[in-house]
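In order, the protein sequences belong to chains A and B.
Mapping to the working numbering: the first sequence position 127 is 426, numbers consecutive.
Mapping to the working numbering: the second sequence position 106 is 405, numbers consecutive.
Because the hints were derived from the structure by calculation, they are not lab data.
Mixed in with the good hints there might be a few duds.
Intra- or inter-copy, both count: the list cannot distinguish identical chains.
To be verified - Simulated crosslink set (DSBU-like; lysine-lysine; CA at most 35 angstroms straight-line): (1) K398 with K301; (2) K351 with K496; (3) K398 with K313; (4) K377 with K496; (5) K471 with K351; (6) K377 with K484; (7) K377 with K331; (8) K331 with K484; (9) K313 with K484; (10) K496 with K484; (11) K313 with K471.
Since the structure is predicted, the reported quantities are computational estimates derived from the model, not experimental observations.
2 protein chains.
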Amino acid sequence: MKIVLIGASGTLGKAVAHELSVRHQIISVGRKSGDFHADLRDIGSLQSLFEKIGTVDAFVSAAGSVHFGPWNELTPEKVDIGLRDKLMGQVNMVLAGQKYLCDGGSFTLTSGILSEDPIRFGAAASLVNGALESFVRAAAIELSRGQRINIVSPTVLQESMPSFGPYFRGYKPVSAADVALNYSKSVEGRQTGHIYKVW
Amino acid sequence: MKIVLIGASGTLGKAVAHELSVRHQIISVGRKSGDFHADLRDIGSLQSLFEKIGTVDAFVSAAGSVHFGPWNELTPEKVDIGLRDKLMGQVNMVLAGQKYLCDGGSFTLTSGILSEDPIRFGAAASLVNGALESFVRAAAIELSRGQRINIVSPTVLQESMPSFGPYFRGYKPVSAADVALNYSKSVEGRQTGHIYKVW
Numbered sequence: 300m301k302i303v304l305i306g307a308s309g310t311l312g313k314a315v316a317h318e319l320s321v322r323h324q325i326i327s328v329g330r331k332s333g334d335f336h337a338d339l340r341d342i343g344s345l346q347s348l349f350e351k352i353g354t355v356d357a358f359v360s361a362a363g364s365v366h367f368g369p370w371n372e373l374t375p376e377k378v379d380i381g382l383r384d385k386l387m388g389q390v391n392m393v394l395a396g397q398k399y400l401c402d403g404g405s406f407t408l409t410s411g412i413l414s415e416d417p418i419r420f421g422a423a424a425s426l427v428n429g430a431l432e433s434f435v436r437a438a439a440i441e442l443s444r445g446q447r448i449n450i451v452s453p454t455v456l457q458e459s460m461p462s463f464g465p466y467f468r469g470y471k472p473v474s475a476a477d478v479a480l481n482y483s484k485s486v487e488g489r490q491t492g493h494i495y496k497v498w
Numbered sequence: 300m301k302i303v304l305i306g307a308s309g310t311l312g313k314a315v316a317h318e319l320s321v322r323h324q325i326i327s328v329g330r331k332s333g334d335f336h337a338d339l340r341d342i343g344s345l346q347s348l349f350e351k352i353g354t355v356d357a358f359v360s361a362a363g364s365v366h367f368g369p370w371n372e373l374t375p376e377k378v379d380i381g382l383r384d385k386l387m388g389q390v391n392m393v394l395a396g397q398k399y400l401c402d403g404g405s406f407t408l409t410s411g412i413l414s415e416d417p418i419r420f421g422a423a424a425s426l427v428n429g430a431l432e433s434f435v436r437a438a439a440i441e442l443s444r445g446q447r448i449n450i451v452s453p454t455v456l457q458e459s460m461p462s463f464g465p466y467f468r469g470y471k472p473v474s475a476a477d478v479a480l481n482y483s484k485s486v487e488g489r490q491t492g493h494i495y496k497v498w
């Protein structure tokens, strides 16, 4: 398969690239790294890029940032970082990508455990992850030509524990490689509207 | 109790006002109607208003619009309507209101069934409702002074069936009065981080 992978340079993205590239052609997209550059936050930037790449079998996103920080310093502007980037960035990938996705092809997005199991400092991340999961449930019944859409919701990664460990006390970390398996399930399986919870 | 009710002029808002006003003082807030006027989308507008009203025992929102429409005409701009209004409007109420909410006081927000059970034309609404529910779970562990936060997630209202019925075939409608009972549960009960599903 020919697969567009957005966010291939991140901790999770690298593992997803490693998992999928054994059997598929990966076209990596990043803001500054990868085969092609695009800004997820700008749907026009994605449309131009997808037009250049042409038809593919899957779009996968392991990209997107959100604000973490003290509740009493949270502002609408800080929430907006995640709305523009992790949320609308991935929604933009779907809205722009569907025209270039083959019949039966798939979108796979990334949310995270905080939609259901919150931590201190994580309200903006929870909000964004919840939005993404409900969007995927809804988009699954709207897509045409047998196109599918799923989302992977990982807990904290083993690889991220040196920096995120103090915020995720009691959360059992999983390896990026184990999380990456779920992207194969989504891309090579037949499910749609599914949330792959990896925790 | 002294309760600020935002969106008191809507179908649901009227029922919530009726339910709560039997036992409490209701201060109604709307864009153009009610005791006070404010634009939920502008946190500054809410801050000025709450400063004027002073300390209250509860903030309740039954306000917020989202875009409904064909999937193949969905754009980031149409999704943004709900992000600014129903989502960030209610988040703004919480961020601005916490300073004016008494110890043990409560926020009660409104989402809707589409976060879990999607309909055609409703992807932007699903996204917004999912965001709100996860935000409430997260905010519940962050609020201080015993402040609480819950959310009511109604299915389609009986009163809305003349206009929304065709989009909600097979969904059993509930009366606005029955949905309104849950706002009493949230305000007068002791739960926090709870999603009151009314379907």
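Checked hints:
Proximity of K398 to K301 under the C-alpha cut-off of 35 angstroms is restricted to the intra-copy arrangement: shortest distance 15 angstroms within a copy versus 53 angstroms between copies. In the homo-oligomer, the alpha carbons of K351 and K496 lie at most 35 angstroms apart inside one protomer (33 angstroms), although the nearest pairing across protomers, at 46 angstroms, exceeds that limit. Taking CA atoms no more than 35 angstroms apart as the test, K398 paired with K313 passes inside one copy only; the shortest distance there is 26 angstroms, against 44 angstroms between copies. For a Cα distance limit of 35 angstroms, the shortest separation of K377 from K496 qualifies both inside one copy, at 26 angstroms, and across copies, at 29 angstroms.
In this assembly of identical chains, the alpha carbons of K471 and K351 never lie at most 35 angstroms apart, being 41 angstroms within a copy and 47 angstroms across copies at closest. Both within a single protomer and between protomers do K377 and K484 lie at most 35 angstroms apart by alpha-carbon distance, with minima of 34 angstroms and 31 angstroms respectively. When the C-alpha separation of K377 and K331 is checked against a cutoff of 35 angstroms, the pair qualifies both within a copy, at 23 angstroms, and between copies, at 28 angstroms. Taking the closest pair of Cα atoms, K331 and K484 come within 35 angstroms of each other only inside a single copy of the chain (28 angstroms); across copies the shortest separation is 50 angstroms, beyond that limit.
Taking the shortest alpha-carbon separations for K313 and K484, only the intra-copy value of 17 angstroms comes in at or below 35 angstroms, while the best inter-copy value is 47 angstroms. Proximity of K496 and K484 under a CA criterion of 35 angstroms is satisfied in both settings, with 12 angstroms inside one chain copy and 31 angstroms between copies. Taking identical chains as interchangeable, the C-alpha atoms of K313 and K471 lie at most 35 angstroms apart only when both belong to the same chain, with a minimum of 21 angstroms there against 46 angstroms between chains.
When each numbered hint is compared with the structure, a violation occurs for hint 5 only.
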